[in-house]
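S.K.: Residue 370 in the working numbering is what sits at position 370 of the sequence shown, and the numbering runs on without skipping anything.
These are calculated hints, taken from the structure and not from any lab test.
Nothing here was measured: the structure is a model prediction, and the numbers come from that model.
Some clues are possibly wrong.
Unchecked claim - Cβ-Cβ distance ranges computed for the label pairs, FRET-style:
| hint | residue 1 | residue 2 | range |
| --- | --- | --- | --- |
| 1 | E261 | G234 | 36 to 44 Å |
| 2 | R184 | A55 | 43 to 51 Å |
| 3 | D219 | R132 | 21 to 29 Å |
| 4 | K32 | H317 | 37 to 45 Å |
| 5 | Q125 | M1 | 36 to 44 Å |
| 6 | R144 | E240 | 42 to 50 Å |
| 7 | R144 | E336 | 46 to 54 Å |
| 8 | E255 | K218 | 49 to 57 Å |
| 9 | A207 | R181 | 30 to 38 Å |
| 10 | R350 | E261 | 21 to 29 Å |
To be verified - No more than 20 Å apart at the CA atoms, straight line, and that leaves these computed lysine-lysine pairs for PhoX-like:
| hint | residue 1 | residue 2 |
| --- | --- | --- |
| 11 | K189 | K166 |
| 12 | K299 | K203 |
| 13 | K130 | K203 |
| 14 | K131 | K79 |
| 15 | K109 | K310 |
| 16 | K299 | K310 |
| 17 | K166 | K109 |
All C-beta atoms, glycine included, are put in the ideal place defined by N, C-alpha and C.
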Amino acid sequence: MRALHIVGGLDPANGGPAYTVPRLCRALEAAKIEPLIFTLSEKGSAKREGATLFAPGAANIPVLGQLKLSPAMHRGMRKTALWADVIHSHGLWIAPNIYAGQVAANSEKPLVVSPRGMLAPGALQFSRLKKRLIWTLWQGPAYRNAALWHATSRQEANEIRAFGIKAPIVVIPNGVDLTERIARHDPSKSQRTILFLSRIHPKKGLAALVQAWAQLAKDRPDWQIVIAGPDEGGHRAELEAIVRQLQVPRITFLEPVYGLEKEALLADADLFVLPTISENFGVAVAEALGAGVPAIVTKGAPWQGLVTHKCGWWIDHGNEPLLAALSEATALPVSERNAMGLRGREWMRRDFGWDPIGQEMKDAYLWVKGTGDRPPCIYQ
């Protein structure tokens, strides 16, 4: 069986899909599915093995450049549709995802759609009018006959339904690769670190983090906050202005880190925080837990298991809940945070392995092709 995967870009600066889409394809290979990735050429895309790159068109033209038009990709999809048994589109709002729906319909191949969090209310509020226009004119018609939608959590499945999607939804989480290097939680450290590791974007709730830390910092002189990630739309400068205005101490901004540098940053962290407005999954949370770091995450992300598995805090939005969680977490003995981190790592090892995820996606493909049974992970 063959599956053609469409994703707008694989530059790590784009966030989770740059990791999860190639990694899902490797898991599908292990499950005896032959995957092929089509993506646009970006500075980070060439580093992804197994991806076919296409040049974007009209890149320097306002508005059109944001749509990521690529006639070459569209032609490539039309030719490859004859090879594929399933077409799997990751994301919305840009031309590659529109092409995927059009090509699937014209070739009469089942279309699977992974919105990757883009239908969450918090995500929809950004560029709301533009997205509504794109959905009405192009994206909605292209995805109208999708055979199956893929959510990475029940929370995301609820958001897909709330948007008005009637097609079947399969709930299959993202996975995480555990590294041998884990957080040290060294009791002799003179400075402990609260780490944010994700895109620096308004939806990530970093303004609330800065404001909460402004209230707590004087009582935690042995703690610091490190914010690392790619800047989007100049939001880092906005946050730095808040830091200066409030005279907040011990906040450091870092450029994006990947690979061994990311592992080192996680290994040195004592606590992870993601005060996000909305997240379909939150790969950064899984990576932190996999590295043995307890996490504080807002209810904009589907991580209620932090409470169930006693490895973190799942909190309401707002300054007060965030301040309370930070205060409680930083006051714990080092041994307790270490125990929480180890419980989180074991949870990731047990429930978020890529091999069973690949098998679940294979079963979903077989079902939409009419050659397999209904998977148990179909959302009701």
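S.K.: Taking the hints in turn, state whether each one holds.
M.R.: Each hint, compared with the structure:
Take E261 and G234: their Cβ atoms lie about 24 Å apart, and the range 36 to 44 Å is violated. Evaluation of the 43 to 51 Å hint for R184 and A55 yields a pass: the beta carbon distance comes to about 45 Å. Take D219 and R132: their Cβ atoms lie about 45 Å apart, and the range 21 to 29 Å is violated. Between K32 and H317 the beta carbons are some 43 Å apart, a value that agrees with the proposed interval 37 to 45 Å.
At roughly 38 Å, the beta-carbon separation of Q125 and M1 lies within the given 36 to 44 Å, and the hint holds. About 44 Å separates the C-beta atoms of R144 and E240, a value consistent with the hinted range of 42 to 50 Å. Between R144 and E336 the CB atoms are about 52 Å apart, so this pair conforms to the stated range of 46 to 54 Å. Taking 49 to 57 Å as the suggested C-beta distance range, the pair E255 and K218 does not conform, at roughly 28 Å.
Taken as a hint, the range 30 to 38 Å holds for the pair A207 and R181, whose Cβ atoms sit roughly 31 Å apart. Between R350 and E261 the Cβ separation comes to about 28 Å, which falls inside the hinted range of 21 to 29 Å. The straight-line distance between the Cα atoms of K189 and K166 is roughly 53 Å, outside the 20 Å bound, and the hint therefore fails. For the hint linking K299 to K203, the alpha-carbon distance of about 13 Å falls within 20 Å, and the restraint holds.
For the given pair, K130 sits about 17 Å from K203 by alpha-carbon distance, which is consistent with the 20 Å threshold. The suggested pairing of K131 with K79 is violated, with an alpha-carbon distance near 29 Å, which exceeds 20 Å. Only pairs whose Cα atoms come within 20 Å are accepted, and K109 paired with K310 is rejected, the gap being roughly 44 Å. The straight-line distance between the Cα atoms of K299 and K310 is roughly 16 Å, inside the 20 Å bound, and the hint therefore holds.
Between the alpha carbons of K166 and K109 the distance comes to roughly 19 Å, so the proposed pair stays at or under 20 Å and holds.
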